[in-house]
Amino acid sequence: MDTLRTPATLAQLDTIQTFVLECARTAKAPPDLDGKLGLVLEELAVNVFNHAYGKDEGELEVSCDVLPMVQGRCFCVTLKDWGLAFDPLATAAPDTTLDVEQRPIGGLGILLVVNMSDSISYERQGDTNVLRVCFQLPE
Amino acid sequence: MEFTSSKQGEYLVVTTVGRLDATTSHLFEEQCDQWLADDNTRILVDMAGIEFISSAGLRSILASAKKLKGASGDIRFCGLSGMVSDVFKVSGFGTMFKLFDTQEQALGS
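From first to last, the protein sequence lines stand for chains A and B.
Its first residue numbered 1, the first sequence is counted upward by one per residue in my numbering.
Its first residue numbered 1001, the second sequence is counted upward by one per residue in my numbering.
Isolated chain B, as found in the complex:
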């Protein structure tokens, strides 16, 4: 999976492309650790380019969210669609996290 990030106000906006599965999800957690080490505690993840997520992906997201919470930070998501949206809904991640349709809405709230 690939990541591109840019600072917008107090949020680091991260665009992700690929799959968050058993073989790739550790990359997300490693990236999050790096962003946190660079003092980015507020992160918006644009998931529009994520075509697939499994429980391994959810695990890496929750582990990262716990670290960000511990640093008084925040992680929110936008652009979920298809099975990614279904997986967030079934797992309760859809209510545990703040979800938005677009980056603009996520940054404006």
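So that you can see chain A by itself, here it is in the shape it has in the complex:
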């Protein structure tokens, strides 16, 4: 398992993306997964940057590993922060049928993450938030 720990700031997003995409190459994930991976990472990391630590500074740890599944393998990315307890999966799904005038701005990040990944889970472990998101690898 490879791990990267960085300050939880938007300036680190590029470093985090590069790290995960390199791990994906090592795991032999197909390049056409890169768009989804980049999207899911941005959404989850930006959530941590914006909300986990309030106005304080903090860190984000990102780990990548390949796990066996009942059928085949999956590439999993785990994000850990030491911020306020927050389960992003518990937020209400936005109404995607509203028109431009009625639609509130925001709230689409988690919807995209859930739709673009194959599985996602949240756990509060001690004083950390741990989100694991997985992508099925082709046989």
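Hints listed in this document are in silico derivations from the structure and should not be mistaken for laboratory results.
Where hints are given, some of them may not hold.
Below are the DSSO-like pairs computed for lysine-lysine, each with C-alpha atoms no more than 27 Å apart in a straight line [unchecked claim]: (1) Lys36/A to Lys1069/B; (2) Lys28/A to Lys80/A; (3) Lys1007/B to Lys1066/B; (4) Lys1098/B to Lys36/A; (5) Lys1089/B to Lys1069/B; (6) Lys1089/B to Lys1066/B.
Since the structure of chain A is already known, use the hints to place chain B on it.
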């Protein structure tokens, strides 16, 4: 990200290249504010050169669309492909906005 624009009939046709993500999407909204300030209320965005979009990009598009609506204008899109097309579909933006394959189709409807 980069923008080039040209007036075609009543539409300002905007070609975009790059990524609409958390670090760049504010540029789209700023450009849209400028087009609106220049009295362009009908905008066609050609997304063929956009390789990546996140919820931050959707946020800037919706914020701009609300301003254009408020000015009795319109924003429509063409040339979506790959993950950009998927993101529009999942978020409902694919039905909220008018989408076309090409500029010609978008301007002809």
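Quick rundown of the hints versus the structure:
no.	hint	result
1	Lys36/A to Lys1069/B	violated, 31 Å
2	Lys28/A to Lys80/A	holds, 24 Å
3	Lys1007/B to Lys1066/B	holds, 21 Å
4	Lys1098/B to Lys36/A	holds, 24 Å
5	Lys1089/B to Lys1069/B	holds, 21 Å
6	Lys1089/B to Lys1066/B	holds, 19 Å
Of the hints listed earlier, the one the structure fails to meet is number 1.
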